[in-house]
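*Asks:* These protein sequence lines are chains A and B, in that order.
When we follow numbering that gives the first Met the number 0, the leftmost residue of the first sequence carries the number 0, and every step to the right adds one.
When we follow numbering that gives the first Met the number 0, the leftmost residue of the second sequence carries the number 0, and every step to the right adds one.
If a hint is listed, it holds; no wrong ones were tucked in.
Here are some of the chain B residues that sit facing chain A, going by a computed Cβ distance under 10 Å:
#, residue
1, E9
2, I10
3, L16
4, D153
5, P435
6, K437
Which stretches of chain A does chain B cover? Using the computed rule of at least three CB atoms under 8 Å from a CB of chain B, they are:
#, segment
7, 39 to 45
8, 61 to 73
9, 98 to 108
10, 169 to 177
Hints listed in this document are in silico derivations from the structure and should not be mistaken for laboratory results.
Glycine included, C-beta positions come from ideal geometry on N, C-alpha and C.
Each chain, letter by letter, is given below.
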Amino acid sequence: MNEKQTYHKTTAEIEQEKELIIKAQQNPQDFAPLYDLYYLQLFNYVIKRVKEENDAAEITSDIFAKAIFNIKKYQFKGFPFSSWLYRIASNEIIDFYRQNKFDKYVRVSETQLNYLIDNSEDEINTLLAKEEKIGQILSSLEKLADDEQQLITMRFFEDRSFKEMAEILDSTETNARVKTHRAIAKVKELIKK
Amino acid sequence: MKKIHIDNNEITNQDALKHKDFGKVMEKFGKLKTPFYQTTFFKVGTPVIVAIAALVIYQLILKDTSTEVLRNSSYSTFYNSPINEDIDFEDIIGVVDANNSLILSTNSGTRITIPKNTLVDSLGNIITGSVTFKYREFLDQKDVFLSGIPMTFDSASVKMNFESGGMFELLAYQNEQPVFIAPDKEVKVELASKQAGDNFNIYYFSTDENEWIYKGKDNAGFTKEAIAKVDEKLMSSISVDSIPTNYLKIEKEKVAQQIDELKRNKPLKPSLLDKDSYSFVINFEYKDFPELAAFKGLKFQVSKNAKNFKPEYANEIWEEVNVNRGLENKEYNVCFTNQKQGEVCFLTNPVIAENNMKASEATYEKLLSDYKAKKDSLKERSKEIREAIAKRSNELNDLKIVELNKNAINLATVVENRITRTFQIANFGVWNSDCPEKLPSEAIVKAKFVDENGKEVQLTTMYLVLKGRNVVISMTPETVKEGIRFNPEEECMLWAVTSDRKNVAVFNSDQFKKIKKSDNSITFEMNLISSKEFVTYSTETVFNL
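With the rest of the complex left out, here is chain A (with noise of 0.2 Å):
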């Protein structure tokens, strides 16, 4: 799956969210076209998250529950309307794990892995040996604090711009752009070691 589909939008699809928020923000009912439209994203993004899927199912109900409570305060200030619900998430995911004390989880993929590789060129290529890599790199992730590797996640698993990364942080581009770079230098710092 790939949440950035409907991800960036036109116009006009801008227009068209903005109506279908005024309604939902009249009555609660008709915030289901926006949970069809969203739905899958958000699926996606708590699943890389946590652990079990019927956790990620309970957590994804749990926003869309709390998006709908809170729709009345939302406000469009020129970013994406899914902006705002990944925002939900991120704390709803945090009180997953404030309530459960289970390890904090990440799924990724090989494939995501080795694209991670790649786009960290240099360094990373060239300090190990083929095989020794994915390990190397998996150790170094997980030494890593929770907002850094929410950064590399967003960017090397999800395939995010940073654009689209600061939005859903409420960071600057600049900013997401830089501290992603840093997460990935202190991956290359922790290799070395």
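Since the structure of chain A is provided, determine the placement of chain B on it from the hints.
*Replies:* Just chain B, lined up with the frame of chain A:
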């Protein structure tokens, strides 16, 4: 710690869709609903209903004009300066005429344009004639601090704090009665801001809801890249030589060191020998411990806190003795060495015999008076330097904006050293050009606050002020108790108000830089400045305290 789990069997759309259930979402939403007795409607509604009932009765009994439009009879504000030193309003009197727009200019260069037939009275009638506009602006951290206006913003239940590109308050009165902007009209405010960035939105502070309402995108300002380019250009140009600033900064550092050194050597008040305690004399140079200069016939008395002292040490012949300052005031660690005992150390206090007290006290008074004179002189010098740095810094900021504005060909009104931020306002009140951002959480330290004499100070509201960006984050005593959260990569200061509101306590950015991310708790030595004096300082001067 997060476990990274490799899973090559991705969850498919079909798998995901098995869990899709809008009915379940609505059921969860139902459970989230606030019970009626906890709703704002219930809490606020009852008095409102009573008020409306009273109003209806009033209308029926006393008035027969059923067509009146009910509006606020006065502007309500919920914010107060934390030190009772409000920023004054500038009164601008304008004559509103039915056929022409009215353009007003404030002292700072801000322009306010009121189109014709825009202002109405509380009944909704268009007004003309003389109107007094009350205007004040909050352009930097000190202004924001003094305003007491909350800078927090709730975004999807996440508490954010504003970085401000410039904020103002505009009110209007005719015959001392508030006037309003007609529902379908807008007033244009071209705010002469000091912030050059382009990362801001526009917000209105709703006094009804006590929160900020998003009103649109601010299109003014320059990109970070453009600002960096101009900074580079200015720094390399001969006319804006940065040497004076560097020289002043070195001077500031030097004077700060002299003040620290002086404080370390502050004369100690002589204490009387306790005849029941052990004491001894050491031949030592007063110049190594200038704070003891008033102690005529100085003796070291074994401290009540000394753990390692044994009376038989008095009978030993010692080959070497070392004295060092202890952790507490009037505490010295003395170490004796000989071959038999090795090294023995214990805490002592400096004392004098009664017959030396009078002479010692006289010397102490003189030394203390010299100390105070030296300290005052250094503090005066430090203030001069800070003001010079502040002046220079302001000049550089002005020059930067002048340079940036050379590229601003599309701006209709350019105040030479200000960035014009245009607001179309539909209400009088507080408007802000802002960028919401997450509260810092990169580091946290437990805090204790003392004054320069080490005495604990009681502080009320506290603010984390970011020097590099126009950000003022307020912290309640409860949040401070949990710990002060900050980002070590930002240049931070603490500004707080003492419980009597008479002083502003400042912890400067140089001291802040010394806090390590790994520090768990810190004693903040606050610089107390009287509130009245604080108000007279420019923001740049406060930054350089």
